[in-house]
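Chemist: Residues per chain, in single letters:
2 protein chains.
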Amino acid sequence: MDGVIADTVVQFIRWYQRDSGVLLTKKDFDWKKEAEVLPDGRLRKYVTSKDFFRDVPLMEGAVEAVQSLMKNFEVYIVSAAMEFPYSLSEKKAWLEDHFPFISWTHIIFCGDKSVIGTDYMIDDHLRNLDSFRGKALMFTAGHNLNANTHTRINSWAEGLTFFREELKKGQSL
Amino acid sequence: MDGVIADTVVQFIRWYQRDSGVLLTKKDFDWKKEAEVLPDGRLRKYVTSKDFFRDVPLMEGAVEAVQSLMKNFEVYIVSAAMEFPYSLSEKKAWLEDHFPFISWTHIIFCGDKSVIGTDYMIDDHLRNLDSFRGKALMFTAGHNLNANTHTRINSWAEGLTFFREELKKGQSL
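Sequences listed follow chains A and B, in order.
My numbering puts the first residue of the first sequence at 38, with every later residue one more than the last.
My numbering puts the first residue of the second sequence at 38, with every later residue one more than the last.
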């Protein structure tokens, strides 16, 4: 969810402005860990706060892309929500708002993602992609710009192109 | 969780007694679906009620068995919690009470369990075991007494015996 279908960086920018008066931009997060950009342990403070996850903005193109993928794939939403106590109900409510067409049967809140047995995984964190046994796709985020160990997707438009190619390959087998 | 480490049938008996004055026994659930034993749609009413999952009693021997298994296996708690809105935070709190030694990294709340890629799964429901790709173990419950398509475990003592044998087999390979 975070950094793939939910634009969590924009939420960090909003909360930090409200908190400190300083308006960061997305560029400020490039090549850095989010915890380095938000000083004084604010990252941890925000993600463990009530309401943080409830109204995170959507990642551009995410709703349309998931709807499009669902025509040919079984799409599961997998979030490492277990670390943050408030996030469970907030993330569930967020999905009901923005992705009402995703059934409860296809939502997974977990910790460690290494036991997820899907064919593909789109994620922004190397720790999730590295242990994944299927095809791992890295969704670009400021904190992963220096990584080159997984197929990179810079946007949902690129994601759709990738899966169109996968379908073509599958049909020609 | 339910029917494996949490004794949900005892919670049904408690709630039904409070609700109707009638005291059922565990035997009343033998060979029947739980929804048949609890009349007038009460099953659905209970599991969608606030507080139902918060204080379900422990299944006999579950805590000790999980602790014992953790010496040789990586144990994940997987619950189809996504169907019931209140259950997410209640089940998380329940696990913190009774299984504080299970890390958040090893807890998974999902819908459909078919994407869980563990080596073994212990469950009471055929719908979860049938689609599982690893070794499926059926934990005995009243509603699954007529099933014979999976290795049956009648108690946590039997579960521990099963896994001791698996370890021996693994060591002799």
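A couple of the hints might just be wrong.
Note that the list lumps identical chains together, so a pair holds whenever it fits in one copy or between two copies.
Keeping only pairs whose Cα atoms sit at most 25 Å apart, straight-line, the calculated DMTMM-like set for lysine to aspartate or glutamate is [what the hints assert, rightly or not]: (1) Lys-108 x Glu-120; (2) Lys-108 x Asp-88; (3) Lys-64 x Glu-127; (4) Lys-69 x Glu-111; (5) Lys-63 x Asp-156; (6) Lys-108 x Asp-149; (7) Lys-172 x Asp-149; (8) Lys-87 x Glu-127.
Everything labelled a hint here was simulated from the structure, so no lab data went into it.
Chemist: Hint by hint, note whether the structure agrees.
Modeler: Verification of the supplied hints:
no., hint, in the structure
1, Lys-108 x Glu-120, "between (32 Å within a copy, 23 Å between copies)"
2, Lys-108 x Asp-88, "neither (33 Å within a copy, 38 Å between copies)"
3, Lys-64 x Glu-127, "neither (27 Å within a copy, 39 Å between copies)"
4, Lys-69 x Glu-111, "neither (33 Å within a copy, 33 Å between copies)"
5, Lys-63 x Asp-156, "neither (31 Å within a copy, 41 Å between copies)"
6, Lys-108 x Asp-149, "between (28 Å within a copy, 19 Å between copies)"
7, Lys-172 x Asp-149, "both (17 Å within a copy, 21 Å between copies)"
8, Lys-87 x Glu-127, "both (9 Å within a copy, 16 Å between copies)"
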